[in-house]
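Residue numbers (our numbering), protein chains in the order written: chain A, 1 to 253; chain B, 1001 to 1835.
Treat the hints as calculated values from the structure; they're not laboratory data.
In this text, a Cβ means the ideal position worked out from N, Cα and C, and glycines have one as well.
Among these hints, one or two may not hold up.
As the list claims (entries may be wrong) - Pulled a few chain B residues facing chain A out of the computed Cβ check, cut under 7 Å: (1) 1473; (2) 1640; (3) 1706; (4) 1738; (5) 1829; (6) 1830.
To be verified - Away from chain B, derived, C-beta distances all over 12 Å, residues of chain A: (7) 16; (8) 19; (9) 57; (10) 58; (11) 73; (12) 74; (13) 97; (14) 100; (15) 106; (16) 223; (17) 240.
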Amino acid sequence: MSAAARAVDVWKVYGSGEAQVIALRGVNLEVERGKFTAIMGPSGSGKSTLMHCLAGLDSVTRGEVAVGDTRVTGLSDAGLTRLRREKVGFIFQQFNLLPTLTAEENITLPLAISGRKPDKAWYDTVIQTVGLGDRLGHRPSQLSGGQQQRVACARALVSRPEVIFADEPTGNLDSRSGADILGFLRRSVSEFGQTIVMVTHDANAASYADRVIFLADGRIVDEIENPTAEAVLDKIKSLDTLAVSEDRVEVAE
Amino acid sequence: MLRATLKSLLARKVRLVLSGLAVLLGVMFVSGSFVLTDAIGRSFDNMFSSALAETDVLVTAKPAIEVSEMEGEPVPGLLTAADLRRVQEIAPSAIGEISVDGARVIGSDGKVVTTYGPPRMGGNWTGEVGGLRLHEGVAPQKADEIVVNAALAKKAGIKVGDQVGVLTTKPKQTFKLVGIFGYEGGLDSRGPVDEVRFTDAVAQELMLGAEGYTSITVNSDKSPAALRDELKAGLGDRYVVQTGEEAAAAMANSFKAVLDVMNKILLGFAGVALFVGTFLILNTFSIIVAQRTKELALARALGAGRGQMIGSVLVEAVVIGLVASVLGLAAGVGVGALLAAYFANFTSLQLAGIAVPAAAVISAFTVGIVITVIAALLPAVRASRVPPVAALQEVATPDRPLTKLTAAGAIVTAAGGGAIAYGLRQQSLWFLMGGVLAAFVGVALLSPFVARPAVAMLGRLFSWSVPGKLGRLNSGRNPRRTAITAAALMVGIALVTGVNTIMTSAERSMRGDVAATFKADLVISGQESPGVQPTFDPVLLPRMQQVSGVDSVVATYADQIAVNGKPAYAQVQTDLPTVARLVSATTVAGTIAQPGPGEVVVDDNRGHALGDTVTVRSAKGTEKTYRVIGIFADTNLFGGYQFGADAIEGMRGGQPTFAYVDLADSADPAAARTALEGLLADSPEMRVQNQKEYIDNQTGEVAQFLLMVQVLLGLAMLIAVLGVVNTLALSVLERTREIGLLRAIGLGRMATMRMITVEAVVITVFGALLGLAVGVGLGSAVVEGLADEGLKELVLPWQQMGLYLGVGAVVGVLAAILPAIRAARTNVLGAIAYE
């Protein structure tokens, strides 16, 4: 069985000349199907860039990206639009919902855009899982941050994409709402076999994943399977020390 | 504070350019109007003064019938041969001149040379005086010889030696063209005027129908002023004696009144454009203030006072107004110059050169700055009310209740309606215009309240697709913004719809009358011919009567008169009882018999009673008293003073201008028509028409008038479109994140564009519907108010209204193009990135 998403020797370079910034330096990654993968790393490590590249939101400078059987690199805008419509789901940190639509309309929006009807049984399951039953007719402005994020999760799930990309989905939430969302993501992987890639800088959030990838300076530097929060924190500390010592080396030069 | 203001002004260039453009276009219209009328005015000044440059003193008679500018042409007084002799006793060199509009040359192609309004003068050749110069040939010596000016010869395609047909107050007569003349400076014409010059006797017979002159030109070695005073003293007060300069100024002045009316009409339309522009500026500033809430709150938190906040917004307005005024003035001078050049070229007028009149400059700056500041006032006050704490809160566009706004709108609309009703009853144009303006403002205030349900309903049309639904929801999102954008479009559409409703109703009322009451099978009437009433020879009447199938022919003679000193029209029917039957006239008092000498029949609207005696002054200046022997009911079709044959001698042409033809039931209308047309060969401007053609012809001007109104309102529409573009562009900018999100979850580029387009179309169609509703309201108010003037039924111009609605939709699509492209190009990553 092929990977749900794949990056092969991906380089991403912004700008040129003196202002050149290398965000990714030859990243190779296979996102396993039916698994919850977390990508961690300090600010500027390239974790968000990696996710954007994997999801086809950003183009790669070199290398190749694929989602399922679809080669993302080199797709036209129309191709990318179709990819996002059919194979990818998104959960952003904020501004996930259209203020003019009700929660229910927001959830079914991706299906409506691609002209599909929601699978009734699956839709009910999703709604039940996120626990929004009585709030479906409300507009985003009438929902709390946690509820809004649950609507966003439901929206990503309802079209059963190949991969859901979540970019710091709990970054704007208090710890309880955050735990709700993470638990919900975890369940959709365990119970429904959904593939999820989540970018986070929160060790606790990462501990919900099956696998944590650590990025530093545009490279994958480590990974942990079945992590605990402590293990993740330890890893981060060791990476920080590494980064600090590297800085020293640079200064020494 | 000032520097901060100017910096933030620069930071929002695009938005301000759009609202500045609205002011610019309005100012351009205003100053362009002034520049144009000024240039044309001075050109005509030059023309008149060059025409009278070689004249020391000009003697004319007081007008036979004085008519104000708007009522028509005054009837000039005639100077007799005796008058000329009296002048010659004082100044032997005096020359009697004849110059009357209405000499129509038939060109080499057999068609009458027409103009679109300027006169076609017929007169006597008095030698190379008054700037006239013979270019070729000789002066007319015999009765069948004429000379024409070079421009006319060219237009008509005639040359010296040709036989040329000329229509005058008499039907066609043929002359030999013996010479072609021009004017000093080598000109072929004096402005747009065509001239035919006969010998004195022929000019008198054909142009005046009397022995006399229209003016006497006097030259001597005395100073003009001295000569004038001497003549004045010698002649008495029946004469107008002016130096050449005074006469030129007087002519130019009477012409200026026409230009002045033209200028006022143009300024009226400029006013509409500026009014619409006000909406655009108001909207732009409101949005800017809303977007800058945090910035403004921060300034407040840092200690800026309310006055300073208001000041900072107003300074922006002044700067925009100033810049737009300067550019608008420059553009106005350009447009005015261009139009003046076009006009001059079109009329072969010698353009006097373009100047920038003070009025153009003053009005440009006043209008530009005042309008901008007024429009910015409300948003400025709102800016001052931003509480400092807003800097710390999430920006949310609070949904302020519309109650106050709606109440205010209802009151203003009601006040406007009242003013319109009062203005109609009192015939006060000011009240009417003020009322219309108030109604517009009132409806604009009401429109946010209407916007929500209206937009929801309209949007259903587009809800079948996801982008359509999103677009519809977006347009309903900010009812104030949607409403004011739509209101800008409303104004133009309401005005054309209103005018159209009035016109259509008037036309239908007239047609209804005609269908019900007009019994004549054919009508012989003159083609529209500026300044001239085409006529036909009365000797044809018996021969028309002989045409097979013709039951009766009644000819009508008409000319201006003054009744008890008031201008009016005289008609003479060769058979009044028959005409009364053909137009279904109803007798009110007395009898409608053919009036004998000294008798008159009149309609019931003139304030005369049976047996009254009226004093009538004819166009030739003779006075006579008549007794009222019959009164009939006035209709759209038939009215006025009906005299007997004795009134014909007082008419200048002395020939019929119109005829009713009644056919026998068994007649072949087509054959009768052909036969009649054959008889009228020497009066090529007379047409034989059936009822329908005649009425179509009478109402044909309506379409032209409407077209002009639509063109002049085009600028207001353009500004409204700018408003839609502006609103959409801002919406797209504000919703960058949302659009990015939509793109991220799979909305394609085309679908994104469709979403924006639907939003635009919903706004513009809403505006068009508002405009149609308000226009129908205004139109029916006027129709109602004019019920006494013969507007019997209200007819809505459905077809045109459908067209305007279509225009509204198309405007929406056009306005959406740029914002939609911008939205489609939204960089998904850039839009959703939040770090």
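Structure-based check of each hint:
1. 1473: Nearest chain A Cβ about 4 Å off; hint holds.
2. 1640: Since chain A brings no Cβ nearer than about 66 Å to residue 1640 of chain B, farther than 7 Å, the hint is violated.
3. 1706: This interface hint is violated because 41 Å lies over the 7 Å limit.
4. 1738: Holds, because the Cβ-Cβ distance from residue 1738 of chain B to chain A comes to roughly 6 Å (cut-off 7 Å).
5. 1829: holds, 5 Å
6. 1830: Status violated, d = 10 Å.
7. 16: holds, 19 Å
8. 19: holds, 18 Å
9. 57: The assertion about residue 57 of chain A is violated, with a minimum of 5 Å to chain B.
10. 58: Since the minimum Cβ distance to chain B is about 5 Å, residue 58 of chain A lies within 12 Å and the statement is violated.
11. 73: Holds, since 16 Å exceeds 12 Å.
12. 74: holds, 17 Å
13. 97: Label violated. Min Cβ-Cβ 8 Å, cutoff 12 Å.
14. 100: violated, 4 Å
15. 106: With a cut-off of 12 Å, residue 106 of chain A comes too close to chain B, as the shortest Cβ separation is near 10 Å.
16. 223: It holds; residue 223 of chain A is separated from chain B by about 24 Å at its closest Cβ, greater than 12 Å.
17. 240: holds, 20 Å
Hints 2, 3, 6, 9, 10, 13, 14 and 15 from the earlier list are contradicted by this structure; the remaining hints agree with it.
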